[in-house]
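Going line by line, the protein sequences match chains A and B.
Going letter by letter, the first sequence gives residues 6 to 357 in the working numbering.
Going letter by letter, the second sequence gives residues 6 to 357 in the working numbering.
There may be inaccurate statements among the hints.
No distinction is drawn between identical chains; accordingly, a pair holds when it is met within one copy or between any pair of copies.
[As the list claims (entries may be wrong)] Derived DSS-like pairs: lysine-lysine, alpha-carbon spacing no greater than 30 angstroms straight-line:
#1 LYS249 <-> LYS63
#2 LYS132 <-> LYS351
#3 LYS227 <-> LYS167
#4 LYS177 <-> LYS270
#5 LYS327 <-> LYS219
#6 LYS167 <-> LYS132
#7 LYS327 <-> LYS249
#8 LYS63 <-> LYS177
#9 LYS249 <-> LYS270
#10 LYS63 <-> LYS351
#11 LYS270 <-> LYS63
#12 LYS270 <-> LYS167
#13 LYS351 <-> LYS43
#14 LYS43 <-> LYS98
FYI, nobody ran anything at the bench for these hints, they're computed from the structure.
What follows is the residue order along each chain.
Protein chains: 2
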Amino acid sequence: MNPVRSLKSLSSLLAAMAAAATLGGCATGPAGVLPAVKEMGSFHVGGRQVTLAGLPEKEIVYSPGSPPQRLNPNGDFSVEQMYARYTRLEQPKGRVPLLLWHGGGLSGVTFETKPDGGAGWEMFFLKEGWDVFVSDAMERGRASWARYPEVFATEPVFRTKKEAWELFRFGKAYATDPAQRTAMPGTQFPLAAFDQFTKQSIPRWATNDATTQKAYDEYVEKVCPCVIVVHSQGGNFAFNAALKNPSKIKALVAVEPSGSPDPDKADLTPLRGIPMLWVWGDYVGEVPFWRSVRERQDRFMAALNRAGGQGELLDLPARGIKGNSHMMMMDRNSDEIAGLIQQWLKVRGLSR
Amino acid sequence: MNPVRSLKSLSSLLAAMAAAATLGGCATGPAGVLPAVKEMGSFHVGGRQVTLAGLPEKEIVYSPGSPPQRLNPNGDFSVEQMYARYTRLEQPKGRVPLLLWHGGGLSGVTFETKPDGGAGWEMFFLKEGWDVFVSDAMERGRASWARYPEVFATEPVFRTKKEAWELFRFGKAYATDPAQRTAMPGTQFPLAAFDQFTKQSIPRWATNDATTQKAYDEYVEKVCPCVIVVHSQGGNFAFNAALKNPSKIKALVAVEPSGSPDPDKADLTPLRGIPMLWVWGDYVGEVPFWRSVRERQDRFMAALNRAGGQGELLDLPARGIKGNSHMMMMDRNSDEIAGLIQQWLKVRGLSR
């Protein structure tokens with residue numbers, strides 16, 4: 006064996022291996038493969054203990070073939086926590102984690118695989134090199150929920166398919182028969198996946214805002230500094246979380262936020278250091294509810310900027326991007342919109 | 006430069022890189038890094054549409070600052086679906102995906118990060134090279150739940166901390182004051198993480214078994230052939246899913262299953278081709294409920310084996326592994342138990 010020839014072949018093998026695996030790990034794989042994942046995990050954060058008393062006893066068989074058990078529903082319970090699942094990369098390009106906060110009547114599933122089977126925003130931002138956290142707000146999904154009226158004051162609200170169809174601007178008029186529904190002309194929402202989308206619906210309460218906020222505030226304390234990308238009902242929680250912990254939030258992207266603090270009452274100067282982007286889809290002016298929401302948000306953004314803030318607008322139709330529903334992270338062009346958000350974050354130095 | 010000396014140092018560098026990255030990409034990274042992930046995603050499966058009518062209207066403000074909306078709670082709803090989240094590896098060693106099915110009053114979080122912050126079984130089996138699916142059963146977590154009594158027949162059951170403490174064999178007697186609780190002697194459960202564990206509790210129904218089963222059956226149809234590792238209440242669903250789709254389930258590991266089909270009524274011969282392992286923790290004989298469950302399960306396993314089945318027992322205390330609670334995937338020695346399961350699967354040729 007000639008050591009010099011062996012050295013050459015070893016060198017080329019080494020080069021091939023170095024191409025496949027960058028030094029210190031394996032930062033990026035072939036197309037469709039995620040950057041090297043350091044850790045995936047989840048946790049609950051926030052919440053408190055309540056003690057219930059005076060409720061009557063019951064007898065329950067939990068699974069067929071198992072003996073009956075006497076159930077005393079009174080006692081101590083953990084309530085009002087929230088849930089988050091995270092993926093941390095070996096070599097993140099994002100300078101801080103990116104948190105995805107869902108909207109009303111939904112859970113973190115909003116950002117996972119799209120109802121039509123395509124990759125959602127969680128995957129988009131992971132592939133862009135962010136550590137990504139996806140949460141379920143207090144009362145939703147894996148965060149769990151508590152007895153009412155004993156812990157939550159009222160009964161929950163269940164979203165009908167009609168409300169989802171019309172409120173999320175998939176179409177103007179819902180009908181049980183899909184053939185009878187009217188769709189927004191040129192919609193980017195994959196209408197054939199509408200039924201699949203409605204399986205993501207989670208009951209909600211209209212009286213839990215204070216406790217939902219409290220859990221979000223503890224979540225921010227735990228995992229930030231961070232960037233927050235928030236949708237719809239989550240907007241109000243994110244703006245309030247930013248007011249409480251302005252130094253911890255490095256940017257806030259509000260995707261069609263449905264609420265915000267009252268700019269006539271709140272001092273918005275603490276938000277001055279936080280770049281903020283409002284993203285709006287199509288047909289907003291055609292639906293009275295969204296026209297009103299948009300007007301309020303524009304007033305909030307103007308007040309923020311008068312207070313020295315950094316509010317910016319990404320009006321998709323004005324940029325020539327037409328047909329986006331309220332659920333734009335599930336629309337056919339979801340990657341294009343995420344790409345604009347990514348570019349905006351990158352320009353602000355938040356991603357390498 | 007002496008080529009022979011360089012060859013030696015290159016060889017050792019090459020060996021170090023080969024240890025960090027196997028040929029053909031980057032199948033395994035350094036300690037703490039996952040095998041290369043091809044795809045992560047989630048989906049809902051199963052369920053049906055229901056139409057509700059005759060319920061009174063309401064007026065609701067969804068988020069502060071947003072206009073009030075008139076709510077008609079009647080209409081079409083998607084109900085009774087279940088949820089699964091998966092991680093597929095670039096180069097899986099498991100010959101089929103491994104599905105983790107949780108128990109009663111809990112969700113897929115059971116298998117994620119442990120309440121004490123350690124890595125759970127999802128991570129263990131991913132690092133062993135399996136494509137891993139973690140689901141939330143119908144009515145739990147991200148699967149969502151439906152109105153009662155209109156869709157679900159009864160009201161839900163909320164688990165008290167006392168029930169969790171005593172039923173899961175962390176200790177014999179719960180007290181609100183942690184200092185007053187009695188723990189099982191030598192328990193492997195991290196008692197300091199008990200409150201964190203109870204945040205994982207999810208309300209359950211005692212009257213949803215048929216629809217839960219239906220969703221599990223559709224889940225098996227969609228993602229199997231597979232291996233199922235099932236816990237507690239999930240056991241009955243997994244045994245029944247195996248009876249319906251025996252060719253799709255390559256092995257079934259039942260971790261303290263609480264129920265199963267009645268061996269005097271069910272024909273168990275379809276299960277003959279499926280290796281099955283029952284795993285039992287400690288203190289089972291000391292708690293009347295579990296003593297009774299264990300007796301029934303032993304009878305079921307014996308009936309299975311009389312029918313030509315392949316039921317095997319992994320009794321941890323009999324193997325000298327002491328102190329395991331019902332939540333053994335969260336116990337301090339959870340990796341040791343998962344390792345025994347992994348070894349059992351490997352011996353059966355299900356993992357390379």
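Going down the list of hints, with the structure as the test:
no. : hint              : in the structure
1   : LYS249 <-> LYS63  : neither (44 angstroms within a copy, 33 angstroms between copies)
2   : LYS132 <-> LYS351 : within (14 angstroms within a copy, 33 angstroms between copies)
3   : LYS227 <-> LYS167 : between (38 angstroms within a copy, 28 angstroms between copies)
4   : LYS177 <-> LYS270 : neither (35 angstroms within a copy, 53 angstroms between copies)
5   : LYS327 <-> LYS219 : neither (37 angstroms within a copy, 40 angstroms between copies)
6   : LYS167 <-> LYS132 : neither (35 angstroms within a copy, 44 angstroms between copies)
7   : LYS327 <-> LYS249 : neither (36 angstroms within a copy, 48 angstroms between copies)
8   : LYS63 <-> LYS177  : between (47 angstroms within a copy, 22 angstroms between copies)
9   : LYS249 <-> LYS270 : within (15 angstroms within a copy, 62 angstroms between copies)
10  : LYS63 <-> LYS351  : neither (57 angstroms within a copy, 45 angstroms between copies)
11  : LYS270 <-> LYS63  : between (49 angstroms within a copy, 29 angstroms between copies)
12  : LYS270 <-> LYS167 : neither (35 angstroms within a copy, 45 angstroms between copies)
13  : LYS351 <-> LYS43  : both (23 angstroms within a copy, 25 angstroms between copies)
14  : LYS43 <-> LYS98   : both (13 angstroms within a copy, 19 angstroms between copies)
The earlier numbered hints that this structure contradicts are 1, 4, 5, 6, 7, 10, 12.
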